[in-house]
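J.: We have chain A already, so just place chain B on it with the hints.
Residue numbers (my numbering), protein chains in the order written: chain A, 204 to 376; chain B, 606 to 905.
Do not rely on the hints blindly, as some may be mistaken.
Unchecked claim - Which chain A residues face chain B? A few, computed with CB under 7 Å, are given here:
no., residue
1, I214
2, P216
3, I263
Just so you know, the hints here were simulated from the structure itself, not pulled from any lab data.
From the three backbone atoms N, C-alpha and C, an ideal C-beta is built for every residue, glycine too.
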Amino acid sequence: MFFKKQKPPAISPERLYRSTPVATPGVEYEEDSKGMVTLIIPIKEGDKVVRKMKIKLDAIGSKVWKKIDGKTSFNEICQWMKSEFLITDKEAEVSLSMFIKMLADRRLVLLILPPPKPGTEEVQEELERLRFEIKELEKAYRKKRIDEKTYKEARASYEEAIKELEKIGRPSG
Amino acid sequence: MENLERVCWLEVELQHPKGWSMTAEGGGTTSGYLKIDSRTRTKIELKWNKISAKGEAKIGLQPPVLVNRFIEEQERRLKKRKLKVEVLEKSSIEVCGHKAYSVRWRGEVETLSFSWICREEFKIFLANYYLEPNEKLEDVETWFVPSIICHTPESYWRYRLFGVEFKIPKEYKLHYRKLAIGKPLMVFKNNATLAIYWSYFAREILSNYGSLFQWSKKEIPGEFDKAIRGLNRDKLKLEEERLSLEEKVHTGFSGGSLLKKVIIWHDSNLNKIFVLGYLGPKENSELLDNIRKSIVFKPD
Chain A
204 MFFKKQKPPA ISPERLYRST PVATPGVEYE EDSKGMVTLI IPIKEGDKVV
254 RKMKIKLDAI GSKVWKKIDG KTSFNEICQW MKSEFLITDK EAEVSLSMFI
304 KMLADRRLVL LILPPPKPGT EEVQEELERL RFEIKELEKA YRKKRIDEKT
354 YKEARASYEE AIKELEKIGR PSG
Chain B
606 MENLERVCWL EVELQHPKGW SMTAEGGGTT SGYLKIDSRT RTKIELKWNK
656 ISAKGEAKIG LQPPVLVNRF IEEQERRLKK RKLKVEVLEK SSIEVCGHKA
706 YSVRWRGEVE TLSFSWICRE EFKIFLANYY LEPNEKLEDV ETWFVPSIIC
756 HTPESYWRYR LFGVEFKIPK EYKLHYRKLA IGKPLMVFKN NATLAIYWSY
806 FAREILSNYG SLFQWSKKEI PGEFDKAIRG LNRDKLKLEE ERLSLEEKVH
856 TGFSGGSLLK KVIIWHDSNL NKIFVLGYLG PKENSELLDN IRKSIVFKPD
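Here chain A stands alone, though its shape is the one from the complex (with noise of 0.2 Å):
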């Protein structure tokens, strides 16, 4: 029997454009002579390092990994990309959402959000991110991917935001 992976919830363009997006902690990267980029990613058991896996990055995703350093914003890095590649709003707004989401969904990049703006559907679809983050956390322990101190602090972490997200309430329309 297969298993469909659960997808997690979307973000909001609106909210992702004001989002600055970061590399995962311990995922590295060396750079060759032509400036590609290749990402270092360690492959844990537990908190042990078992291996590391490599993965080639291409000319455009190299240039744009470099811009990916938890101070530049997703709106930022688009302008940049608007200059550097020649194209417009619209195209560097989906290429690099593509790209972000491929990294996001390989847990290779994490994506720092803007507070939700309260009484709006972004308090909802916040509830929903975290909830689902508690699942992939819990699966992760499960699987003994993170110590259980490690998971108690991201589960307690996650909870204190949910009940604060609830008071600031559901939208009302």
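T.: Frame of chain A, contents of chain B only:
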């Protein structure tokens, strides 16, 4: 308003605020449709239908009938959700020199629907503008309605997609398109076929392939080949930094022949690779060069 960008698509031109984008489009020969959304909701819908060459719409297609029929359809749709439609104002406005019948009405949101006949192009139009709660109708009438162009004195239509603008002779109709981000393909037809394809990230992509020829072997979509009845890459010749091909195509037993012409070039200033194809009578083949010369990039 400075923060506006121009849409030139399917024989219509209009403008909308930056950040909005065309999310749906259709038709090409006898009808056209385009929908423009802001980041959160649908803002503009515009459609047209060809009418008889005499320029007179049939009674069923008169502007007031078209607008009222549209509002009635919305009323039926909204009734299921227990929402009412309220007509706020009926009036007339001017669109591209034509008198348009307009109705301001409120359903889910306040909407301005208007319709007009363009006798220069023998078309009947219906446009809807969906207002935001804080948006004033007068503002829309200032920047949106006057921006609509349904006919021009020129012999071509402007097409604009992802910042790339080019001119297509008016008698050529958009027959097929695949509007993938960064890699759009459009095929126009009349008595000849014109195919236009381009790819962004040219510098970076070419650094992988090494040459335009190697790129052409892998990256030109099959639909382009199909439109011009095949493209033998091995026959491409390198001339003035462009790959080109020109060959006769025999058309069955009649002994007639068509000309197939292809040009592929890397525009380093625009960081794009363009591919143009032509299949048709030899005497019209200069169209391809005219289209090539008309290409400009106007980022938003």
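J.: It remains to establish, for every hint, whether it holds in the given structure.
T.: A quick look at each hint next to the structure:
no. : hint : result
1   : I214 : violated (13 Å)
2   : P216 : holds (5 Å)
3   : I263 : holds (5 Å)
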